[in-house]
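Using our numbering, you'd call the opening residue of the sequence shown number 583 and step up by one each time.
Since the hints were derived computationally from the structure, they do not count as laboratory data. Quick reminder that beta carbons are idealized off the backbone N, C-alpha and C, glycines included. Hints may be right or wrong, so weigh each one.
[As the list claims (entries may be wrong)] Label-pair ranges, simulated between beta-carbon atoms:
#, residue 1, residue 2, range
1, K701, A662, 20 to 26 Å
2, R617, G637, 37 to 43 Å
3, V720, K612, 31 to 37 Å
4, I615, V720, 39 to 45 Å
5, L690, P663, 15 to 21 Å
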Amino acid sequence: MDLRLDDLDRHLLTLLQANAREPAANLARKLKIARTTVVARIARLEREGIVSGYGVRLGQRLEQAAVRAFCGLSVNAKGAPATIKALERLPEVEEVWAVSGQFDYMVLLRCGTPEQLDKLLDQMGQIDGINQTQTSIVLSRKIDRRSTVE
Numbered sequence: 583m584d585l586r587l588d589d590l591d592r593h594l595l596t597l598l599q600a601n602a603r604e605p606a607a608n609l610a611r612k613l614k615i616a617r618t619t620v621v622a623r624i625a626r627l628e629r630e631g632i633v634s635g636y637g638v639r640l641g642q643r644l645e646q647a648a649v650r651a652f653c654g655l656s657v658n659a660k661g662a663p664a665t666i667k668a669l670e671r672l673p674e675v676e677e678v679w680a681v682s683g684q685f686d687y688m689v690l691l692r693c694g695t696p697e698q699l700d701k702l703l704d705q706m707g708q709i710d711g712i713n714q715t716q717t718s719i720v721l722s723r724k725i726d727r728r729s730t731v732e
């Protein structure tokens, strides 16, 4: 699979990230290319795994209503796969990254209230293989570059 993107691919991805529901005809107009070219490019980007799906980005108002936190986890290396499976079963776990440094994983959590976060952290502390956690509550987002294509 060739992951090289040309300028047209990057521009198309930027437009799709801004509005994934934009009709192909509108995208074609903005890119100054044929609609069939847009459709073919999108199909190729999907087939090559560059575009893996389409979703909804939550607005800042809803983001602020939730309690979000980053939780660093130190885990028993032999039990790491089972630990990840256990985390997958917790709906409040949004993302898990393997990282270098003090922790083995960083986990992004979303809860409705501080009390729910407290309960979730207690649940996570009971998961076999988790040796240590350190949690930081998100106060605000200062930069959001999720809608840019590199």
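Against the structure, the hints come out as follows:
| no. | hint | verdict |
| --- | --- | --- |
| 1 | K701 / A662: 20 to 26 Å | holds (24 Å) |
| 2 | R617 / G637: 37 to 43 Å | violated (24 Å) |
| 3 | V720 / K612: 31 to 37 Å | holds (34 Å) |
| 4 | I615 / V720: 39 to 45 Å | holds (40 Å) |
| 5 | L690 / P663: 15 to 21 Å | holds (20 Å) |
When the structure is compared with the earlier hints, a violation turns up for hint 2 alone.
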